[in-house]
Amino acid sequence: MNSMLLILLMGLFAGCLGAILGIGGGMIITPILTIMMGLDIKYAIGASIISVIATSSGSTIAYLKDDMLNLRVAMFLEIATTVGAIMGALLVGLFSSSFLYVLFGFFLLYSTYNMVRKLMDKKGENVYMGHDPIVDKLNLANTYYDKSEQKQVDYSMKNVPGGFIMMWAAGLASGLLGIGSGAFKVIAMDTIMKMPLKPSSATSNLMMGVTAAASATVYFFNGSIRPDIAGPLAIGVLIGATVGARIMQVLKPKIIRMIFIPIILYMGVQMVLKGFGVNF
Amino acid sequence: MHEEMRKVELIIGKILRIGVVTSAIVIVIGIMLYFLNGSGYSEGFPTRFSTIINGIVAGKSYAIIMLGIFLLILTPVLRVVVSIYAFYKEKDTMYVVITTVVLVILIIAMLLGYRS
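Chains as they are written, first to last, in the numbering used here: chain A, 1 to 280; chain D, 1001 to 1116.
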């Protein structure tokens, strides 16, 4: 009872943060389950992939209703992530768990680096409005209402092929590591394709469910998903993501980054060290 | 153009909510049964369709939770399927094709997952 309650609370927290950042709960779930609860990495990955799907579906309901995400961008780029996810899931048995820890840790550190760089950007949140033949052809330009600034924001984007390749890598990481790899997806849209951060985060949330669904079947049928862990976790994450999707819309991205950077930096360092056999 | 997209999004959102709520209810029922009667298994838990179905028929909590989790895994698939219909309804042929490609890849991935 106590452990299920604890997992549910962790899910609430992970779902809320995941929905806000567009990065999926996996980044939070896996380290907590393995490091704090001592769970085998196999079950932690299975649980975190379920949390990614719950974050995605839970938050997407709100983001669809509030017109926050870009459905066409999601659909087009999902081709890349699903192909990547299949390749990653097929390769997963070939790596040891200490190697996975190191890889996980470096993913967290890489995300930290990206968040710091974004935070230091003096220019703030520019909206790209230029024209691009691929964007026009695929009809990707869109609009969203920013509740924190109380205005309608029209936006375009560029470098769709670059984003497409990044999305493939994100799918590969998802299949290989059992994470939503939403950080990559947000970076692909926000940094490479120059989409505004909020639709990038909302669209990443939408996409990571599809990417994760592909790998989740593998984990479901090979026994990596334990009902006593994934069940309460899913419920917690669904509730958390619903709340998080509301909070995200009234928050300024800069504040969220400042809270999150030290957390993932700490977890990243810890997991890399664990991969090399150092526990603390 | 944006008005069409709104309609598409609202249709998808509505169906997605039904899928998510259904899977959540099944998981919650499973968890409540677990506290009443235990897992229903002396060790482990069911991971194949046949054992899960047998477990549900016997009212075993772990089997019911696994069903709920599987339904949750299907919600992104449901979203893709509904998207195809919604784009079709809005006569957006290019995105009917793109979304169908995503669905085909996704089904291949899931079949690979079931076989492994």
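Each hint should be verified, as a subset may be incorrect.
Derived DSSO-like pairs (lysine-lysine); straight-line CA-CA distance at most 30 Å [stated by the list, open to error]: (1) 147/A / 122/A; (2) 1014/D / 42/A; (3) 122/A / 151/A; (4) 147/A / 252/A; (5) 1007/D / 1091/D; (6) 1007/D / 122/A; (7) 118/A / 1091/D; (8) 1007/D / 158/A; (9) 158/A / 42/A; (10) 1007/D / 147/A; (11) 151/A / 1007/D; (12) 118/A / 254/A; (13) 137/A / 1007/D; (14) 1091/D / 65/A; (15) 252/A / 158/A; (16) 1014/D / 118/A; (17) 252/A / 1014/D; (18) 1089/D / 122/A; (19) 42/A / 1007/D; (20) 1089/D / 254/A; (21) 122/A / 1091/D; (22) 254/A / 1091/D; (23) 122/A / 42/A; (24) 42/A / 147/A; (25) 1089/D / 252/A; (26) 1089/D / 158/A; (27) 1089/D / 118/A; (28) 252/A / 1091/D.
Bear in mind the hints are in silico, worked out from the structure with no lab data behind them.
Going through the hints against the structure:
no. : hint            : verdict
1   : 147/A / 122/A   : 22 Å, holds
2   : 1014/D / 42/A   : 34 Å, violated
3   : 122/A / 151/A   : 22 Å, holds
4   : 147/A / 252/A   : 9 Å, holds
5   : 1007/D / 1091/D : 12 Å, holds
6   : 1007/D / 122/A  : 38 Å, violated
7   : 118/A / 1091/D  : 39 Å, violated
8   : 1007/D / 158/A  : 26 Å, holds
9   : 158/A / 42/A    : 39 Å, violated
10  : 1007/D / 147/A  : 21 Å, holds
11  : 151/A / 1007/D  : 22 Å, holds
12  : 118/A / 254/A   : 9 Å, holds
13  : 137/A / 1007/D  : 21 Å, holds
14  : 1091/D / 65/A   : 21 Å, holds
15  : 252/A / 158/A   : 24 Å, holds
16  : 1014/D / 118/A  : 35 Å, violated
17  : 252/A / 1014/D  : 28 Å, holds
18  : 1089/D / 122/A  : 44 Å, violated
19  : 42/A / 1007/D   : 41 Å, violated
20  : 1089/D / 254/A  : 39 Å, violated
21  : 122/A / 1091/D  : 43 Å, violated
22  : 254/A / 1091/D  : 39 Å, violated
23  : 122/A / 42/A    : 42 Å, violated
24  : 42/A / 147/A    : 40 Å, violated
25  : 1089/D / 252/A  : 36 Å, violated
26  : 1089/D / 158/A  : 28 Å, holds
27  : 1089/D / 118/A  : 40 Å, violated
28  : 252/A / 1091/D  : 37 Å, violated
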